[in-house]
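Turn these sequences into a full structure, and let the hints steer you where they fit.
In order, the protein sequences belong to chains A and B.
Residues 1 to 199 (the numbering used here) make up the first sequence, in order.
Residues 1 to 199 (the numbering used here) make up the second sequence, in order.
To be clear, the hints were calculated from the coordinates, so they are not data collected in a lab.
Where a beta carbon is used, it is the ideal one built from N, C-alpha and C, also for glycine.
Where hints are given, some of them may not hold.
What the hints assert, rightly or not - Okay, derived cross-link-like pairs now, DSS-like style, lysine-lysine, Cα gap no bigger than 30 Å in a straight line:
#1 B:Lys-92 x A:Lys-114
#2 B:Lys-114 x A:Lys-92
#3 B:Lys-196 x A:Lys-114
#4 B:Lys-196 x A:Lys-150
As the list claims (entries may be wrong) - From the derived model, a few chain B residues whose C-beta atoms are all more than 12 Å from chain A:
#5 Arg-133
#6 Leu-156
#7 Ala-162
As the list claims (entries may be wrong) - Restraint-style ranges between C-beta atoms, simulated for each label pair:
#8 A:Asp-151 x B:Asp-37: 23 to 31 Å
#9 B:Thr-123 x A:Lys-114: 14 to 22 Å
#10 B:Arg-190 x A:Ala-152: 23 to 31 Å
There are 2 protein chains.
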Amino acid sequence: MPGLKRLAVVWCALGAVVCSVAMRAQQSAGDGPRYRDGKTLIRPADYREWMFLSSGLGLSYEPPNAAAAASPRFGNVFVNPSSYRSFMQTGKWPDGTIFILENRSSSGEGSITKGGRFQTELTGIEAEVKDSRFPDGWAFFNFGPARSLKDAAEPLAGQSVAECVDCHTKNTAVERTFVQFYPTLLEVARTKGTLKPGF
Amino acid sequence: MPGLKRLAVVWCALGAVVCSVAMRAQQSAGDGPRYRDGKTLIRPADYREWMFLSSGLGLSYEPPNAAAAASPRFGNVFVNPSSYRSFMQTGKWPDGTIFILENRSSSGEGSITKGGRFQTELTGIEAEVKDSRFPDGWAFFNFGPARSLKDAAEPLAGQSVAECVDCHTKNTAVERTFVQFYPTLLEVARTKGTLKPGF
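Here it is in structure tokens:
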């Protein structure tokens, strides 16, 4: 159907400019944080299709105990695509950025594996959000362990979040995010000059 | 400009059907393998924006030696988005699927880390492609180590690829792919009934 094909090409070409202007704002907002009652974060259903930043195994702020060392967990970090694209251009996180930390068990036995560890079942999901609706512009959320995963979570408060904020303020390479652990973003931040002093 | 906004909405709504039909084939082909001279695979520049499947640390077919055990590498696996979406609906890989295995060094020292390992610099990139232009429908590629990364690679041939094919035929959970190591896809394959016997 060459007639239909030509119509489609013309339509798409003419419409592209109009559509892109109209849709860009919606698309950018569309993959950011969504809330119930203003500040209860809805767990994103599609974060596995977001941008992968990096993965660590058994990462710990404190020397791990024997149990943790014997069965370490993987942590996969994802960020919403529109904020990723913004960071790649500016080295900064826009308002409406949402990070997901997905924790998974690991195994060293199975299939052809003779060494090393691979990822297995989900153990928990956490989030960090940059959003001007929160008092200092950032908030932390915990959707709980996988066996009782919550569909939505209120921002962490009190002493537990004070430790999050303190650590994410003192030890992070860019704003409140551990870009030093995301090698491809670290290069971008270096180029854009957005790394904190000391990095 | 409410007039422009209304025009944009109408245009987008009317154009969506025509555009989606015309663009879908192009989009699907667009993120698949691209070749020089018919079968030399061009290294995809944007694979970090593809779908992340999983990550392993120090995975090895053979018991690792002391050097490998002391500084294990991470392997991140990505697949092109249109093939991912197809797999999520069918549990099978369409023609034109491309997997990227990105290898990275690991470190256990830096920043606030007191235990575990995180990812650092790129060490190499490999690819596996499902494409009917190859004799048995699949091909393997190695873009070489990071210090001399190739822009394009010919399909591996001879004894080295014979071992790839043998292992990816005997030990894989779905077609020639190690879906047993990709926990979110493993569930899909189980639901769709596409796992090989024994899985």
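Do the hints match the structure? See the list:
Restraint check: the Cα-Cα separation between Lys-92 (chain B) and Lys-114 (chain A) comes to about 27 Å, which is no more than 30 Å; the hinted pair holds. For a cut-off of 30 Å, the pair hint linking Lys-114 (chain B) to Lys-92 (chain A) stands: about 27 Å separates their Cα positions. With a C-alpha separation of about 22 Å, the suggested pair Lys-196 (chain B) and Lys-114 (chain A) falls inside the 30 Å cut-off, and the hint holds. At roughly 34 Å between alpha-carbon atoms, Lys-196 (chain B) and Lys-150 (chain A) are farther apart than 30 Å, so this suggested pair is violated.
Every CB of chain A is more than 12 Å from the CB of Arg-133 (chain B) (nearest about 25 Å), matching its label as outside the interface. Here Leu-156 (chain B) stays apart from chain A, with its beta-carbon at least about 19 Å from theirs, past the 12 Å limit. Distance to chain A confirms Ala-162 (chain B) as a non-interface residue, since its nearest Cβ pair spans about 16 Å, more than 12 Å. A hinted range of 23 to 31 Å is violated for the C-beta pair Asp-151 (chain A) and Asp-37 (chain B), which are about 52 Å apart.
Taking 14 to 22 Å as the suggested C-beta distance range, the pair Thr-123 (chain B) and Lys-114 (chain A) conforms, at roughly 20 Å. Between Arg-190 (chain B) and Ala-152 (chain A) the beta carbons are some 28 Å apart, a value that agrees with the proposed interval 23 to 31 Å.
In the structure shown, a violation is registered for the earlier hints numbered 4, 8, in ascending order.
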